[in-house]
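Chemist: Listed below, chain by chain, are the residues.
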Amino acid sequence: MNLKCIIKSLLRQKSKLDSIVLKCHTKPMFKYYGKMAPFLFLLPAGIVLFIFFFIPFFQTISLSFFDYSNNIYEPIFNGMSNYLAILHNPVFYKVMWNTLLYLIVAVPFLATFPLFLAILINQKIRGVTLYKILIYLPVIVSIVVAAIAFKWLYAQEGILNYFMQQFHLPVIGWLTDPGYAIYSVIIVTIWKGIGYYMMIYLAALMSVPKELYEACDIDGANFWTKHLTVTVPHIMPTIALVTTISSISAMKIFAEIYVMTKGGPLNSTKTIVYYIYEKAFENLDLGYASAMAVILLVIVMVFSLINIFVFERGKYNL
Amino acid sequence: MKGESTICKLKFKNIPTHIILILVSLLSIFPFIWLLSTSLKGAGENIFAYPPTIIPKDFTWANYTGVWQRVNLMRYFINSMIVAGATVVLNLILSSLAGYPLARMEFKGKKIVFFAILATIMVPFQAIMLPVYLITLKLHLVDSVNDTMGFIGLVMPFAVSAFGIFLMRQAFLSIPREMEEAAIVDGCNVFQVFWKVLLPMVKPTLAVLAIFTFIGSWGEFLWPSIVLTKETMYTLPVGVNNLQGMFSSNWRFIAAGSIISTIPIIIFFLAMQKYFISGENEGAVKG
Numbered sequence: 001m002n003l004k005c006i007i008k009s010l011l012r013q014k015s016k017l018d019s020i021v022l023k024c025h026t027k028p029m030f031k032y033y034g035k036m037a038p039f040l041f042l043l044p045a046g047i048v049l050f051i052f053f054f055i056p057f058f059q060t061i062s063l064s065f066f067d068y069s070n071n072i073y074e075p076i077f078n079g080m081s082n083y084l085a086i087l088h089n090p091v092f093y094k095v096m097w098n099t100l101l102y103l104i105v106a107v108p109f110l111a112t113f114p115l116f117l118a119i120l121i122n123q124k125i126r127g128v129t130l131y132k133i134l135i136y137l138p139v140i141v142s143i144v145v146a147a148i149a150f151k152w153l154y155a156q157e158g159i160l161n162y163f164m165q166q167f168h169l170p171v172i173g174w175l176t177d178p179g180y181a182i183y184s185v186i187i188v189t190i191w192k193g194i195g196y197y198m199m200i201y202l203a204a205l206m207s208v209p210k211e212l213y214e215a216c217d218i219d220g221a222n223f224w225t226k227h228l229t230v231t232v233p234h235i236m237p238t239i240a241l242v243t244t245i246s247s248i249s250a251m252k253i254f255a256e257i258y259v260m261t262k263g264g265p266l267n268s269t270k271t272i273v274y275y276i277y278e279k280a281f282e283n284l285d286l287g288y289a290s291a292m293a294v295i296l297l298v299i300v301m302v303f304s305l306i307n308i309f310v311f312e313r314g315k316y317n318l
Numbered sequence: 001m002k003g004e005s006t007i008c009k010l011k012f013k014n015i016p017t018h019i020i021l022i023l024v025s026l027l028s029i030f031p032f033i034w035l036l037s038t039s040l041k042g043a044g045e046n047i048f049a050y051p052p053t054i055i056p057k058d059f060t061w062a063n064y065t066g067v068w069q070r071v072n073l074m075r076y077f078i079n080s081m082i083v084a085g086a087t088v089v090l091n092l093i094l095s096s097l098a099g100y101p102l103a104r105m106e107f108k109g110k111k112i113v114f115f116a117i118l119a120t121i122m123v124p125f126q127a128i129m130l131p132v133y134l135i136t137l138k139l140h141l142v143d144s145v146n147d148t149m150g151f152i153g154l155v156m157p158f159a160v161s162a163f164g165i166f167l168m169r170q171a172f173l174s175i176p177r178e179m180e181e182a183a184i185v186d187g188c189n190v191f192q193v194f195w196k197v198l199l200p201m202v203k204p205t206l207a208v209l210a211i212f213t214f215i216g217s218w219g220e221f222l223w224p225s226i227v228l229t230k231e232t233m234y235t236l237p238v239g240v241n242n243l244q245g246m247f248s249s250n251w252r253f254i255a256a257g258s259i260i261s262t263i264p265i266i267i268f269f270l271a272m273q274k275y276f277i278s279g280e281n282e283g284a285v286k287g
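From first to last, the protein sequence lines stand for chains D and Z.
Note that the numbering used here numbers the first sequence so that position 204 is 204, with each residue one more than the last.
Note that the numbering used here numbers the second sequence so that position 58 is 58, with each residue one more than the last.
Since the hints were derived computationally from the structure, they do not count as laboratory data.
Please note: incorrect hints may appear among the correct ones.
Simulated pairs of lysine-lysine, DSS-like, Cα-Cα distance not exceeding 30 Å [said to hold, decoys possible]: (1) Z:Lys138 <-> D:Lys252; (2) Z:Lys230 <-> D:Lys252; (3) D:Lys210 <-> Z:Lys274.
Please read these numbers as outputs of a predicted model, since none were measured by experiment.
With the sequences and hints as input, model every part of the structure.
Modeler: Below is the structure:
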């Protein structure tokens, strides 16, 4: 098919246009401001970022080399021992496994299902606005209320187990059985994310040229071939973007766990951020918590670097 | 007759789409519906009854009045308004101030500044929250000093975001340079150009930034649950989570409190819906 050719030529035209636009922006103009002006404008944001971002960033790294477990006021420098202790801690591996489960289960679902919904909603049908509002509602509502609502659905004698009985399925301890609890929590995260990613896909779908669909209709292609040959290749960058964003937010999960399970039963729902929180603010083991924070930082930075330099270049005009 | 048959065909073609969308919509709101239903059930009705009833048999507002009397939800709401309001105002000011030179000015170290701000996107707050807390303590920005300091401590770590700075920078980039040149020829200095000429032109972007910052700040849970010690300083998410401890198994009260706390943000969402579901501001909420 020459569909690929059409797409390629369209993309080429777009990149030409982009470069012209870029040239316009970089055209120098006469200087009307003093030498200090740019720095004065940057100062207020700079102070805030310095105090609440850059200092804490480096302090996290330095704290991770100290031992606070004996005396919180007199930390002892202990080099890499926090990291070594973490590597020998079975709970850490459990926590990493839970985070990995999040990535394996939630990310593929959030990268595909919202796309399917976006394609459905992108048609000329009635009630589109209502559907969008209802599906977007979970995104807006506080995660705490969402987690409480789900905790109520998951109750031992709750409505979900009633449905299980109706379908002659075993009654499940949704949040109390270590085998199921993590999936129950993942469902909440997925449920709250669908509308958000659907809107990202809807915006991307606007950029797919209508002519391509018309060509498909003339060829008599059905729903699936049409979207697999036109839509998916065309919005591949957005699919990749959604994959990285949802991965990053999966690694930052906290509120769901805090409200619903507190990491239990038997650490089965403990995620890395919850474990850091517990070590730092409940056990006051600042060094250990910081070492884990550094590990989290490195993992998230890798994903973010991919995100920024591959998928979101345009957003930052890099 | 031909026209009629195509209408029928079109309608028939859309039925599976509608079925799927209605199902997903129902799944999206069902947890809230069930919570709402529970909150309206009186003491005479078993909330664990099988089969479950969505429409309460023993309908009552008592759970709402009960939770309203026992918990200072109004106070939590006001606290949330103060925190979200201050966060929005600071983000608008700081982001547009910082976005302007990055879009329009040439200066030494611009690249370094640019990448330093970009770097903040890559580091999750969760990874640096512990030192942020230690610094907040050192600066006495906690509610144990006094309420004002407590509010400042809640707001300052989120007073500016790289997301906001880049959003404003993009907006300034899209304004034609002739606007500034004309203003300068007319005798404006650089601050007047910024304040009187450019800022009014990026109002739509400011609105987008305000709305998404508001939503983010309103739902923030981790930071307030770390710094807050006084119950009178609780924001809505912290207060609602606390309902679980207060009414350990009284799900009627927990449900009523949760529903009350959700009403303001739903009203806000419906009023501002075009910003959320128009598809133009994609990817803004989570920052």
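Chemist: Could you run down the list of hints and mark each one as holding or not?
Modeler: Right, here's what the structure says about each hint:
1. For the proposed pair Lys138 (chain Z) and Lys252 (chain D), the alpha carbon gap of about 26 Å is at most 30 Å, so the pair holds.
2. Pair hint Lys230 (chain Z) plus Lys252 (chain D) holds up; C-alpha atoms about 26 Å apart against a cutoff of 30 Å.
3. For the proposed pair Lys210 (chain D) and Lys274 (chain Z), the alpha carbon gap of about 24 Å is at most 30 Å, so the pair holds.
Of the numbered hints listed earlier, not one is contradicted by the structure.
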